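The opening position of the sequence shown corresponds to residue 1 in the working numbering, with each subsequent residue numbered one higher.
Hints are computed from structural coordinates only; laboratory data are not their basis.
Only a predicted model underlies this, so the values are computations on that prediction, with no experimental measurement involved.
For every residue, glycine included, the Cβ atom is placed at its ideal position computed from N, Cα and C.
One or more of the hints may lead you astray.
[Stated by the list, open to error] Only pairs whose alpha carbons sit at most 27 angstroms apart, straight line, appear in this in silico DSS-like list of lysine-lysine:
(1) Lys64 <-> Lys20
(2) Lys20 <-> Lys53
(3) Lys128 <-> Lys138
(4) Lys53 <-> Lys35
(5) Lys88 <-> Lys35
(6) Lys64 <-> Lys35
(7) Lys53 <-> Lys64
(8) Lys50 <-> Lys20
(9) Lys64 <-> Lys50
(10) Lys64 <-> Lys88
(11) Lys35 <-> Lys50
[What the hints assert, rightly or not] DEER-style ranges, computed between Cβ atoms:
(12) Thr82 <-> Ala116: 40 to 48 angstroms
(13) Arg58 <-> Ile106: 45 to 53 angstroms
(14) Asp43 <-> Glu14: 46 to 54 angstroms
(15) Ala116 <-> Gln37: 38 to 46 angstroms
(16) Asp43 <-> Val107: 33 to 41 angstroms
(17) Lys131 <-> Ile111: 22 to 30 angstroms
(18) Phe99 <-> Val132: 26 to 34 angstroms
(19) Tyr18 <-> Asp79: 43 to 51 angstroms
(20) Pro118 <-> Tyr77: 50 to 58 angstroms
(21) Glu14 <-> Met87: 32 to 40 angstroms
(22) Arg84 <-> Lys64: 13 to 21 angstroms
(23) Phe15 <-> Val107: 49 to 57 angstroms
(24) Pro85 <-> Gln22: 23 to 31 angstroms
(25) Leu114 <-> Met87: 29 to 37 angstroms
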Amino acid sequence: MVVGTAYATIDAYEFDDYEKEQRFRVLIGELRCPKCQNQNISDSNAGLAKDIKDRAYRLINEGKSNQEITSYMVERYGDFITYRPPMKPSTWFLWFGPFVLTSLAIVILLIRKLKAKPPEPVSVDAAKHKKVEDLLKKLDD
Numbered sequence: 001m002v003v004g005t006a007y008a009t010i011d012a013y014e015f016d017d018y019e020k021e022q023r024f025r026v027l028i029g030e031l032r033c034p035k036c037q038n039q040n041i042s043d044s045n046a047g048l049a050k051d052i053k054d055r056a057y058r059l060i061n062e063g064k065s066n067q068e069i070t071s072y073m074v075e076r077y078g079d080f081i082t083y084r085p086p087m088k089p090s091t092w093f094l095w096f097g098p099f100v101l102t103s104l105a106i107v108i109l110l111i112r113k114l115k116a117k118p119p120e121p122v123s124v125d126a127a128k129h130k131k132v133e134d135l136l137k138k139l140d141d
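Using the sequences and the accompanying hints, generate a full structural model.
What follows is the structure, given as structure tokens:
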């Protein structure tokens, strides 16, 4: 029997006070990992997320505010790094796109429904009508 040992690394960040630690936890929960799909850097195991956490740790210990740290990260990685991008022309599509596209789809569906023609009635001549009635009578008997 072979027994293996699993080694795991835990990022241990030590702070001078509880307030800095709480700020760090909030900050890494609000920053998105640029490499991962919709995962914050707190939950990500990517090397890039580790680098961002290390940088945030250093900046907090240097006395930077959360706003200064977020601004630094946005300058370096772009607006994608925040879950709440700022309202500016380059992010309008993110903010208004879903509402505009949904409204447009509703308008298109309503127009198509209003323009749709009712189906033409099928005309059946007397001979075919009599034949169908005869077949139905046979089934009833």
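Checklist entry - Against which earlier hints does the structure fall short, listed by number upward? => result 14, 17, 18, 19
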